[in-house]
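Visitor: Residues per chain are reported as follows:
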Amino acid sequence: MLMRAGNAGDADSYRRLLLQLTPVLRAVARRGLARAGMADTDAEDVVQETLLAIHLKRQSWDEDAPIGPWVRAIARHKMIDALRRRGRRIDLPIDDFSEVLAGGDSEPSMLVADVDRHLECLPAGQRNVVRAVAVDGASTGEAAARLSMTNGAVRVALHRGLAALAAKFNMEET
Amino acid sequence: MKTSDLIRALAADSEVRAMPPGRALALALIPGVAIALGLHFAVLGLRPQLFALLGEPRLLLKLCLTFLLAALSGPLVLRLVRPGAGVRRAALMLAIVPALLAAADLAELLAVPAAEWGQRLVGTNAMFCLKTIPFLSAAPLVAALLALRQGAPEHPSLAGAAAGLFAGAIGAALYATHCPDDSPLFVAAWYTLAIGFVGAIGAVAGRRLLRW
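Chains A and B, in that order, give the protein sequences. Heads up: the first sequence is residues 1 to 174, going by our numbering. Heads up: the second sequence is residues 1 to 212, going by our numbering.
Be aware that one or more of the hints could be misleading.
Using C-beta positions, here's what the derived DEER-type ranges look like [what the hints assert, rightly or not]:
id, chain 1, residue 1, chain 2, residue 2, range
1, B, Arg211, A, Arg16, 29 to 35 Å
2, A, Val24, B, Leu193, 44 to 50 Å
3, B, Ala34, A, Asp12, 38 to 44 Å
Simulated from the structure, these hints should not be mistaken for laboratory data. Ideal placement from N, C-alpha and C gives every residue a C-beta, glycine not left out.
Okay, chain B solo, but in the shape it has when bound (with noise of 0.2 Å):
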């Protein structure tokens, strides 16, 4: 066939046209919450007395930062399955979040007596934690990587890790309106391990289903 043949072919086509990366994924991202939302309700619940707690400063960072991941890691996936789209902004916006933490953990240290340290950081239900965010987080990183095959990442397995971090971060936030553990140590500790899982599922995912 003649590339002139292929292009004529190609243009005759020209009606029939994916949904570009951004839509696909805010639409594939309703069933995917809402299924991650319902598993919340069923097996987790609020903890007691989320709303009546929402000034203490712990539990507001805690809630503040996952979706504050959440919100700056989604334009970094949508700018990697864009080909010749730059990532270096996103991607250093996205290091606010670890930037916060640490300060947040600086004064928590500060804070609190060398002896409470430990105590703090393994919380009550760690392993719970560990489970959870990713149990939450499959829905939506089910959802990302489908509507991401629309896009056409250069490097699918980065893509597909952003994707995971992305919906570790999702899961995390719902995840965070259960944890009684409010401890940024703890935060830093088990939610970024458990996010993390998810962001290696996410790239083991991305390199076989996001490759064009």
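Bound conformation, chain A alone (with noise of 0.2 Å):
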């Protein structure tokens, strides 16, 4: 329901309808790394690449079939694609991180590597409004007033700079 109200454009429902997957992302990343034995202070990274593939692939949900299918199949390949790239870093061994990583279902607090790092790479007007609407959390308005841009200019920037940041996760893979 709320994945069909944000296909219309609904931003409300669709914030709360990305909040409520969070939490499962972030349960199948951390299992996901876990069975792999990587250390699973990357899954909030796998969790972030997972919601931009969703937002930005959302059209190929088919609004008559279950999202239930279509969220899982999307979380299974950015996890194989996290694992491929991560097979060719140096992971210390899990065994000596699992009393640290305990922990529960929230947020963690530690740094979020990648998108941060991606967003670095992106051209000066992309960045900035993808951090005054993220980071600041400035509407499209305040972000074209403070940046002084046109409403069209900072919704195209914003555009094209989550689609480059889900283009730069993929373009480490090679």
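Bring the two chains, given one by one in their own frames, into a single complex with the hints.
Guide: Below is the structure:
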């Protein structure tokens, strides 16, 4: 229901849907990383990458189909991507951390590296808009006023910036 | 950036949404097929007396099979770019085409004396068929792959291969209105090879173009 509203452009319902999905995605990411014997300090990166994919590919959801299998398939796809990428990095064995990482469902306070790192690589225009809306919590209208851009330009920059962020994850893979 | 921050940005971006892959594919096929048709009429043209020959069962079968392949592979392609959509039924439906072709081949072998089999198989212009079907499929393939970038295939090469099959079927359907070889033996050998080639190109291109 909420996804349909989101597809119809209802930002509030859409935001609520993404917030509801996040704990589920987080559990999936932690389990996936743990099963692969990798440190789940990266779980939040995987969650964010998955949310970006859900957002940018939401047109691929058939409105008559149940949303669960669609979300799961995207989460699985992004998990596999993440594991493939991390397979080439050096990871410490998970046993060393298991006591520290017994954390619950809440969002970890640790630094989330990937999105911030990719954000730095965006063109300044897109970076400023994404940062204003995401980190400072500005509406697109406020961001437009602050950056002296038109509303339309802010929307375009926001969309392109998010798409570019998702693409940066993919480019690391090659 | 915290995850809740990211979600705020995503929600603010909820107005801009790309086109669903089904509609994107349909729209992209308009220029794609138009270009293929234009090339068809500019370079090849219909075979003489095509319409007078339409009652001929072999010709009719050849046309029907290529159209059926296009009609059945289209839905399969769309399912392959929708995460979580089951593809088994669409893939099984697609098997109707080779099954029909095999049955037609059997009938042809029974109807035609063994001495003529070789000549029916090789036909009059097998090489031309092998070149022309990919040539006519190129524009539909490019159109389909670009449209499918709106989708999210779990297996990009597989989705690309299916798009190649789909485009190959469109090219083959057009070529079938020009080609003078109607024997199902000819179709099974050369059309299959040509469409398979387009499918392979689609797989390679899809691997790069359809990643997300």
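Visitor: Taking 44 to 50 Å as the hint, is the beta-carbon distance of valine 24 (chain A) and leucine 193 (chain B) inside that range?
Guide: Holds - the Cβ-Cβ distance for valine 24 (chain A) and leucine 193 (chain B), about 47 Å, lies within 44 to 50 Å.
Visitor: Measuring from beta carbon to beta carbon, are alanine 34 (chain B) and aspartate 12 (chain A) in 38 to 44 Å?
Guide: holds, 43 Å
Visitor: State, for the Cβ atoms of arginine 211 (chain B) and arginine 16 (chain A), whether the hinted interval 29 to 35 Å holds or is violated.
Guide: holds, 30 Å
Checked against the numbered hints given earlier, this structure breaks none of them.
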